[in-house]
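Novice: Residue-level listing of the chains:
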Amino acid sequence: MNEEKESKCCFSPFISPNPITTFNPVQIYPDIDETAFISQFSSVIGDVTIRENVYVAPNVSIRADEGTPFYIGSNTNLQDGVILHGILKKQIAAGGRKYSIYIGKEVSAAHGALIHGPCYIGNNVFIGFKSIVYNAIVGEGVFISYNAVVTNGVKVAPNRFVPPGANIDTQQKANALPRVPADSREFAEEVQKVNQEFPASYHLLFGENRCSCGLAFD
Amino acid sequence: MNEEKESKCCFSPFISPNPITTFNPVQIYPDIDETAFISQFSSVIGDVTIRENVYVAPNVSIRADEGTPFYIGSNTNLQDGVILHGILKKQIAAGGRKYSIYIGKEVSAAHGALIHGPCYIGNNVFIGFKSIVYNAIVGEGVFISYNAVVTNGVKVAPNRFVPPGANIDTQQKANALPRVPADSREFAEEVQKVNQEFPASYHLLFGENRCSCGLAFD
Amino acid sequence: MNEEKESKCCFSPFISPNPITTFNPVQIYPDIDETAFISQFSSVIGDVTIRENVYVAPNVSIRADEGTPFYIGSNTNLQDGVILHGILKKQIAAGGRKYSIYIGKEVSAAHGALIHGPCYIGNNVFIGFKSIVYNAIVGEGVFISYNAVVTNGVKVAPNRFVPPGANIDTQQKANALPRVPADSREFAEEVQKVNQEFPASYHLLFGENRCSCGLAFD
Numbered sequence: 000m001n002e003e004k005e006s007k008c009c010f011s012p013f014i015s016p017n018p019i020t021t022f023n024p025v026q027i028y029p030d031i032d033e034t035a036f037i038s039q040f041s042s043v044i045g046d047v048t049i050r051e052n053v054y055v056a057p058n059v060s061i062r063a064d065e066g067t068p069f070y071i072g073s074n075t076n077l078q079d080g081v082i083l084h085g086i087l088k089k090q091i092a093a094g095g096r097k098y099s100i101y102i103g104k105e106v107s108a109a110h111g112a113l114i115h116g117p118c119y120i121g122n123n124v125f126i127g128f129k130s131i132v133y134n135a136i137v138g139e140g141v142f143i144s145y146n147a148v149v150t151n152g153v154k155v156a157p158n159r160f161v162p163p164g165a166n167i168d169t170q171q172k173a174n175a176l177p178r179v180p181a182d183s184r185e186f187a188e189e190v191q192k193v194n195q196e197f198p199a200s201y202h203l204l205f206g207e208n209r210c211s212c213g214l215a216f217d
Numbered sequence: 000m001n002e003e004k005e006s007k008c009c010f011s012p013f014i015s016p017n018p019i020t021t022f023n024p025v026q027i028y029p030d031i032d033e034t035a036f037i038s039q040f041s042s043v044i045g046d047v048t049i050r051e052n053v054y055v056a057p058n059v060s061i062r063a064d065e066g067t068p069f070y071i072g073s074n075t076n077l078q079d080g081v082i083l084h085g086i087l088k089k090q091i092a093a094g095g096r097k098y099s100i101y102i103g104k105e106v107s108a109a110h111g112a113l114i115h116g117p118c119y120i121g122n123n124v125f126i127g128f129k130s131i132v133y134n135a136i137v138g139e140g141v142f143i144s145y146n147a148v149v150t151n152g153v154k155v156a157p158n159r160f161v162p163p164g165a166n167i168d169t170q171q172k173a174n175a176l177p178r179v180p181a182d183s184r185e186f187a188e189e190v191q192k193v194n195q196e197f198p199a200s201y202h203l204l205f206g207e208n209r210c211s212c213g214l215a216f217d
Numbered sequence: 000m001n002e003e004k005e006s007k008c009c010f011s012p013f014i015s016p017n018p019i020t021t022f023n024p025v026q027i028y029p030d031i032d033e034t035a036f037i038s039q040f041s042s043v044i045g046d047v048t049i050r051e052n053v054y055v056a057p058n059v060s061i062r063a064d065e066g067t068p069f070y071i072g073s074n075t076n077l078q079d080g081v082i083l084h085g086i087l088k089k090q091i092a093a094g095g096r097k098y099s100i101y102i103g104k105e106v107s108a109a110h111g112a113l114i115h116g117p118c119y120i121g122n123n124v125f126i127g128f129k130s131i132v133y134n135a136i137v138g139e140g141v142f143i144s145y146n147a148v149v150t151n152g153v154k155v156a157p158n159r160f161v162p163p164g165a166n167i168d169t170q171q172k173a174n175a176l177p178r179v180p181a182d183s184r185e186f187a188e189e190v191q192k193v194n195q196e197f198p199a200s201y202h203l204l205f206g207e208n209r210c211s212c213g214l215a216f217d
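Chains as they are written, first to last, in numbering that gives the first Met the number 0: chain G, 0 to 217; chain F, 0 to 217; chain P, 0 to 217.
Hints in this document: simulated from the structure, not taken from any laboratory. It is possible that part of the hints are untrue.
In this list, chains with the same sequence are indistinguishable; a pair is considered to hold if it fits within one copy or across any two.
Straight-line alpha carbon distances no greater than 27 Å define the calculated DSS-like cross-link-like pairs of lysine-lysine that follow [as the list claims (entries may be wrong)]:
| no. | residue 1 | residue 2 |
| --- | --- | --- |
| 1 | K192 | K88 |
| 2 | K154 | K172 |
| 3 | K88 | K104 |
| 4 | K192 | K172 |
| 5 | K97 | K192 |
| 6 | K192 | K89 |
Start from the sequences, fold in the hints, and give me the full structure.
Specialist: Put into structure tokens, the structure is as follows:
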């Protein structure tokens with residue numbers, strides 16, 4: 000039994016309640032649907048709800064130890080190096096509750112994206128390589144290109160397109176954004192299709208035992 | 000005893016001396032104050048001094064295997080994905096010694112910041128999301144906004160403000176920087192307050208045993 | 000024997016075949032030369048060839064579970080936080096084969112660089128801090144500065160210099176790039192020299208046993 004515990008922990012993600020602080024005095028455990036998959040070298044800490052079939056790649060940090068809670072809707076994927084963290088006491092409302100970070104369903108957050116609360120990200124949003132979303136409301140179907148920033152309390156209307164490297168830090172800039180072009184929409188849908196296969200297939204790869212037994216190194 | 004050793008290593012950070020190379024032929028172990036907290040999936044390698052109550056988030060790499068040594072002052076925090084590394088043989092002076100990287104006390108390095116030696120970062124500096132500080136002297140109280148770069152041997156005077164996305168790569172640009180506005184100063188102080196609670200509270204969360212025993216996964 | 004397995008896995012990198020999906024129905028193990036070194040908290044997944052004396056720093060993700068295969072030539076180094084991933088079914092040709100990502104020999108990918116397939120990176124290329132190479136052909140000896148992007152199907156001729164923060168997303172922009180200046184060429188050679196020592200020296204540091212036994216924590 001002890002042996003089993005040890006073999007399980009080897010390449011487990013790190014899942015824990017938040018530490019007790021003056022600002023978060025109650026420990027809350029993550030609530031992770033069993034169909035979701037959290038990869039090795041990734042962390043989920045505190046009051047985080049992760050729904051069905053979410054895929055979390057390696058080296059991701061989901062750290063609800065300051066701003067809290069976080070919600071991640073079904074079929075969403077967070078690629079390698081994505082970071083979720085939130086500022087203390089700043090929240091947004093979604094479905095009658097308050098959140099530090101609310102992410103809808105079928106969202107894709109590409110490699111190296113930073114999602115920092117307070118923020119709301121609607122369904123079917125695409126967040127590009129190394130983009131930053133912080134202190135923002137992002138409507139459903141928005142496409143944020145690589146290296147872009149959406150911040151400073153702006154609200155991006157549904158289905159708008161944020162160009163590569165854009166710094167959307169005023170409502171005026173947000174209002175001037177064009178609609179998502181057809182090829183970007185299609186691209187985001189392709190990314191969803193691929194990533195929705197990963198949770199089940201990675202669970203199979205690991206099997207019952209998350210350790211390295213049987214994994215190749217030559 | 001063997002069992003204890005194994006149970007301890009499961010979610011330990013990786014702490015080791017530098018590897019022996021022609022340019023660093025002596026192995027030096029990190030000197031980490033016991034009140035500091037280094038998170039899972041983070042590394043500290045080589046001649047690195049980490050002082051009281053430093054908080055190092057997950058997926059941080061502090062790698063003094065090329066440029067060396069590094070110093071990190073008390074109450075400083077390094078957020079998720081921060082990287083510290085240094086170029087060979089390039090050093091700066093601080094307090095009568097030479098360093099590849101010197102970071103003062105009460106510095107905050109936000110998510111994804113890259114601090115690359117040679118560099119000096121004074122007390123109470125704030126380094127924003129995904130910023131780069133490389134080959135620079137940053138005076139105390141400077142506020143570096145997200146996605147900014149400070150490089151090319153520049154010296155930033157105390158209490159200057161580096162705007163979002165700015166590329167400060169000449170002394171002329173550094174000299175033209177405005178002073179830190181009151182709201183940014185306040186923000187940096189808030190971030191310090193929150194992060195100074197983390198080392199003790201994370202030590203309590205882990206307790207004696209850093210393994211996954213008792214951590215939730217459902 | 001069981002004990003040995005456990006002690007080995009503690010700070011091992013994660014090496015595994017790709018998971019079985021509809022788009023990659025065959026499991027292929029990475030082929031990693033034994034002189035290469037893959038650091039703790041890094042992953043190599045799927046049909047990835049890693050040649051002699053490659054150095055992979057901590058918190059790197061090499062994930063051939065979508066676009067595939069990847070090739071990494073001898074003496075190449077991937078610094079902390081580098082990510083390799085590829086888009087499904089998009090490939091480039093190199094040496095009579097097709098690849099999602101082909102990286103030649105003596106390439107340096109600096110901290111936080113993102114290399115996303117389809118892409119080809121010739122020998123002796125330098126890729127700067129936090130740069131993005133995606134859907135591009137990069138000729139040998141090219142120097143890509145920090146925060147730059149090379150994308151959108153462009154082909155960069157050998158020995159061209161991409162300035163800091165440049166967004167090379169048209170062939171016209173690629174064609175207008177200047178040649179690599181002598182000091183950047185020299186810098187890239189210095190980086191190669193240093194990193195070519197790491198694989199052997201890190202193998203020695205770990206010895207037979209990759210666990211934390213004997214590593215310092217105080």
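Novice: Tell me the hint numbers this structure goes against, listed in increasing order.
Specialist: Of the numbered hints given earlier, the structure breaks just one, which is hint 4.
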